[in-house]
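Student: For the sequence shown, my numbering gives the first residue as 7, with consecutive numbering after it.
Simulated from the structure, these hints should not be mistaken for laboratory data. From the three backbone atoms N, C-alpha and C, an ideal C-beta is built for every residue, glycine too. Any given hint might turn out to be false.
[Stated by the list, open to error] Each pair of labels, with its calculated beta carbon distance range:
#1 MET109 to ARG25: 27 to 35 Å
#2 ASP65 to ARG31: 23 to 31 Å
#3 SER33 to VAL93: 15 to 23 Å
#4 LYS71 to PHE49: 17 to 25 Å
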Amino acid sequence: MKQVLVVDDSPVIRKIARRILEGMRLSTSEAADGRQALAACSFFMPDAIFVDGAMPVLDGYEFLKELRAMPGGDKPKVVFCTSEYDVAQIARAMHAGADDFIMKPFDREHIQSKFESIGVC
Numbered sequence: 007m008k009q010v011l012v013v014d015d016s017p018v019i020r021k022i023a024r025r026i027l028e029g030m031r032l033s034t035s036e037a038a039d040g041r042q043a044l045a046a047c048s049f050f051m052p053d054a055i056f057v058d059g060a061m062p063v064l065d066g067y068e069f070l071k072e073l074r075a076m077p078g079g080d081k082p083k084v085v086f087c088t089s090e091y092d093v094a095q096i097a098r099a100m101h102a103g104a105d106d107f108i109m110k111p112f113d114r115e116h117i118q119s120k121f122e123s124i125g126v127c
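All chains, please: the whole structure from these sequences, using the hints.
Tutor: Listed below in C-alpha cells is the structure:
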C-alpha cells in the first residue's frame, strides 16, 4: 500500500484529505507544518505528499525546496494545495518541486484525478 503524507496546519483539512486518500486505499500520515513534515520524511520517505502552501513555521514552498534537497527527496510525488488561483503561486510551487496542484475547496474526484495523473494510484 502506498504511503501519503498530508501536510496542513488545519486539522479539519488534514482529516478531510486523510479520509479521501484512505478511501482510495492509500495509507496516510499527517504533519501540521513543513518542519514536522521534513522530520517525518527524514524518518520514512512517503510515496506521495499532499501539502498546503500557506502554513506557519515552514510554508509549503520552503518545505518543497528542503524536501527535494534531502537524500531520497526527489522520489515522492507532491500535490501542492492552494486556496487561490494565482498563476505566480502555482509556478512558484512547480518550480520548488511540486508535481501538480489542487485548489481548495477540493473533493474526492479532484484529489483522485490529481493522484492518478501523477501515478500514485
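Student: When you take the CB atoms of ASP65 and ARG31, is the distance between them in 23 to 31 Å?
Tutor: holds (30 Å)
Student: Does 17 to 25 Å hold as the CB distance between LYS71 and PHE49, or does it fail?
Tutor: holds (19 Å)
Student: Measuring from beta carbon to beta carbon, are MET109 and ARG25 in 27 to 35 Å?
Tutor: violated (19 Å)
Student: Between SER33 and VAL93, does the C-beta distance stay in 15 to 23 Å?
Tutor: violated (33 Å)
Hints 1, 3 from the earlier list are contradicted by this structure; the remaining hints agree with it.
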